[in-house]
Amino acid sequence: MLNYTFRRLLTAIPVAFIAITVCFFILRLAPGGPFDGERALPAEILRNLRAHYSLDQPLIVQYWMYVSSLLQGDFGPSMVIQDFTVSELLAIGLPFSLMLGFTAFVLATGIGIIAGMVAAVRQNQWPDYVLVLTVMLGIIIPNFLMANLLQLAFGVYLDWFPAGGFVNGSIHHLVLPITVLAWPHAARVSRLMRGSMIEVLGTNYVRTAKSKGIGERLVLVRHAIKPALIPVVSYLGPGLSYLLTGSLVVEQIFSLPGIGKYFITAALNRDYGLVLGTTVLYMGIIIALNLLVDLVYAWLDPKVRYR
Amino acid sequence: MAGITGKDVVLTDYAKKLETLDAPKGRSLTQDALRRLFANKAALVSIFLLTGLVLIAFFGPYFLPWSYDAVDWSNIRKPPNFEAGHYFGTDQNGRDLLARAMQGTQMSIIVAVVATFVSVVIGVVYGAASGYFGGRVDAVMMRFVDIMYALPYILFVIILVVIFGRSPVLLFVGIGAIEWLTMARIVRGQTLSLKEREFVEAARAGGARPFTIIMRHIVPNLTGPVVIYATLTIPEIIITESFLSYLGLGVQEPQTSLGTLISNGSQVAEAMPWLLIFPAIILVTMLLCLTYLGDGLRDALDPKDR
Amino acid sequence: MKLTKLLTAATVAAGLAFTAVPALAVTLNLHNGAEPRSLDPQKVSGNWEDRPVSDYIEGLMTIDASGQPILGQAASYEISEDGTVYTFKIRDDANWSDGEPVTAQDFVLGYQRLVDPQTASEYAYLQYVVKNAAEINNGEIEDLDQLGVKAIDDKTLEITLNEPTPFFLDALTHYTAYPNPKHVYDEVGDDWTRLENLVANGPYKVVEWVPGSYLRSEKNDAYYNADNVQIDEVYYHILEDQAAALNRYRAGEFDILTDFPADQIDFLNANYPGEAHVAPFLGVYYYVVNQMDGKILADENLRKALSISINREVIGPDVLGTGELPAYGWVPPGVSNYKGEQYMPAWASEDYADRVEEARQIMADAGYTPDNPLKLQLRYNTNDNHQRIAVAISAMWKPIGVEVELFNSETPVHYDALESGDFTIGRAGWIMDYDDAINMLDLLKTGVGNNYGRYSNAEFDALLDKSATQTDLEARAETLHAAEKIAMDEFGVIPIYYYVSKNVVDPSISGFEDNAKDRHLVMYMSKSE
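Chains as they are written, first to last, in the working numbering: chain W, 1 to 307; chain U, 1001 to 1306; chain A, 2001 to 2529.
For the record, the hints were derived by calculation from the structure and aren't laboratory data.
Please note that a few of the clues may not be correct.
Taking beta-carbon pairs under 10 Å as the criterion, some of the chain W residues facing chain U (in silico) [what the hints assert, rightly or not]:
no.	residue
1	A30
2	G110
3	I114
4	M117
5	V121
6	F144
7	G246
8	A267
9	V275
10	T279
11	Y282
12	L295
13	W299
Keep in mind it's a predicted model, so treat the numbers as computed, not measured.
Each residue gets a CB set at the ideal place from its N, CA and C atoms; glycine is no exception.
Sequences and hints are given; from them, build the entire structure.
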């Protein structure tokens, strides 16, 4: 198992490297640069700026400079938020994004599993219908619309939660963003859980267990949950990338200081360093979490062997 | 990006079952499946609604007084008005929302269908090749898929769209090109189990080229997974497209898409609610129907119950 | 759902903890839009940067609530006979927030850094009126001390200009002319704007910056006029989604919105009467027509057909909804040093139907009809308003035989295309940097970078050059009017409307005055509970 983990990590390195390289060149070859704005800059000023950020060097030299500084853990300067380096921005944004994403992920997975179980046990009764409907809303409503509607409902009219913003340590401010982020994820998890639970409950060994007279609740816990969790867990890896997509929107709408917001601003403004920096980080997180999910999966399903 | 309903899981599961069974027997599968599908009420209603939506989206514009890009200067930002022929109201440019909603639905359907098609083609070819050649080729190709799974795609899509401008073609290719991974995995599994069978052996002994064998003997047996895959992928792509629209990276005006309409409507949810409500109803109906249809198909094609 | 209940319980507890803290300070929550790229006045360029920067640094001159230049860090000034040498006395009680006095050397440093090519300042050219500024900035002169900004003693500053410049005092209110704390700069260099090093000489001091979320400033007690500053703390909230910003304003989280979606004006007026402020703003929204040799619109007649067939009267009131004034000329109404009648072409007063007919005739003469239309690509940067205007105008052009292909891209790509001349018609806008007509007219001068359409007329250029040497303001205005008429009569550019500023201000805020610069210093505002 250690060996497997090690090999997985090892393969991730060249992948990340290739991805960075591709991103780097695509970005540089794209039309528009970080200094094209509402106003044309006089040629001499543009020249000063380009020299300042070494953009006047040949592309391959810039690439080399970038990669070698990256290897030393330096993500270079940000052109769009000049008072911070990319490393500083990431150091501020990453813990927040991780906290937000992790909270949403754990909450959503937990709620999704419980909701799915309830729906499965009460199949075709009212808890099932209510859950199915709630779940569908989470899946179908685009997250930016959901964010807007929740802001209006809970921020403007009911005034229960702040409609946005960030105050260090305030859970209050995170309720709406986490709801928007977690809902679709919880929805998918519960759908999967409901499906697999129904299937497991129908299998012979659970039926046998039941006929032996053990209470229904106990049967559930003892026999059904673990096998029913297998499809859920194998969804968690891909589910992460959904959460990532969601965090881009949520951080933007609720003005939260996370790396998702940086990414969007940076990509639209051609802030090369910040785009690459956020991409590298996201890649790292996703690779690491996928690995974690794989390990959990293996623990749940003994049939899986490490290749 | 795995599925709206855990597409990856559903399909993997499905494929596993297929592998443990005898080779499917051509026609009877389809007929049997259709019979079971039509017995499922939710799926049946969904099929009717979807067919209706598609027909209206593609043929409706011919029966409307306004075209999707015509400006009605006397009715700018007006709620539904039957006398003027604006049944859904008009947008901030005085364009008829009903006509735009039809055009947008068309666009969303086209983007989703083409992108799905692209991903199916890539996935089938890649997966079949990997499974067919096996051994080291297979190991390398599948490891590549594993790796690709771990990349933050949406970032690449955004970078691509930002860089190459926003043409529908790019959306098709961009989304399609990242959706093929699941398909490739499943097709590979199928191919691995199929290639040992007599008819493939026979064809190979007869000197058929690998490509011919894959196309003639392996691909036709993939109908089930492909159909399920498509119904699950289409809603996902519609949602992804709406996400890009929100970022201002959607289709080019005056054309529109459901995602663009909803993202614009969301901004004025209270000031001009009709701009949000009508497109949202269409989107919700469409996605609900596709989901129920997908569920129905999965049950209908489930090899275990046969 | 369970989730909500659970969280409610948790947050009610958290909320109580918050409300328990007594309100010690008056806090202003200002919606600031985009993320500032820096707090360094010599490096910034947008109004979302101007807001926090101008609240923490004050120049020799500052603005009053109505946007007019008044004395700031300077106690007095003298102008030489020929109008080219300004001598400023700096206030004795002008101090930085760490107690060090503000000196003439601080201003010299600010100016030198601005024009130093090493700083790579985007806005350096705004102060090119200062002697040798342009030469130093483009590398012709390497010695920074050659710049026409000199410290006579600690509290006396002398600025020498190339030519008499009627708008110079106004230009001094711009952040490019702000001082830098030399005592800090000498120690930490360009890092002086990092929060741990930052000192302020203005009414506020930035104390916190959470990228992606907000900047927070606190009142600077060392400011000479601190006793009259009423608001103790300012949040500059970073949020680009305008709908979300409006939601937050309505939820009571923002006191001032510095922009709002134009199509919400009716909703705002109906539900929040009197809170939306729409006021004239010194700027023009226009379409650039590419007149490079070989481009189709080098033909003046075609440009005329395109311009006269735009019904500008419906753009502001109907398409946008905020009532922007139609623009037929180039210099916005109300610009200073520009006495004389506003440019108004004869066709502007004709019936719109007749204008369309005339345009159709012109197009037909050139061989284009609605059946055989002229195909043009219209580029704009991604934005709801730009899109609406482009859609409206392409509908207006359809009947005269022009078929428009709309093409939007993000701002950097759009302006890259305009600068490289890779377009036919493109959207652009100009917000004036200082209140003088020359700032507008310079955009049409041959060889100027912002002259995207490459309009070129020797007579026009000569008139602008002539105006630079005129000290009599009325004669100068006459020269500039003549230049404007030449460019407009040739349809060198297609103006669409004059900008308006759009703010939403909570009724509890007083001291917010609409002004043509749309600059509002927080020190003039107060908040009632």
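Results of checking the hints against the structure:
The criterion of a C-beta within 10 Å of any C-beta in chain U is met by W:A30, whose closest approach is roughly 4 Å, and the hint holds. Violation of the interface hint for W:G110 is found here, the shortest Cβ-Cβ separation to chain U being roughly 17 Å, above the 10 Å cut-off. Given hint, W:I114 at the interface with chain U, is violated; its Cβ is 17 Å from that chain's nearest Cβ, farther than 10 Å. Annotation: interface hint on W:M117 violated; nearest CB of chain U at approximately 16 Å, more than 10 Å.
Because the closest C-beta pair between W:V121 and chain U is about 19 Å apart, greater than 10 Å, the hint is violated. For W:F144, the shortest C-beta to C-beta distance to chain U is roughly 4 Å, which falls under 10 Å, so the interface hint holds. A cut of 10 Å between beta carbons decides the hint on W:G246: the least distance to chain U is about 9 Å, and the hint holds. Of the supplied interface hints, the one on W:A267 holds, with its beta-carbon coming within about 5 Å of a beta-carbon of chain U, less than 10 Å.
For W:V275, the interface hint holds, since its Cβ comes within 10 Å of a Cβ in chain U; the closest pair sits about 7 Å apart. With 10 Å as the threshold, the beta carbon of W:T279 comes within range of chain U, its nearest partner Cβ sitting at about 5 Å, so the hint holds. A least Cβ separation of about 4 Å between W:Y282 and chain U falls short of the 10 Å threshold, and the interface hint therefore holds. Below 10 Å, beta-carbon pairs count as interface contacts, and W:L295 has none with chain U, the closest being about 14 Å; its hint is therefore violated.
Interface restraint check for W:W299: the shortest CB-CB distance to chain U comes to about 17 Å, outside 10 Å, so the restraint is violated.
When each numbered hint is compared with the structure, violations occur for hints 2, 3, 4, 5, 12, 13.
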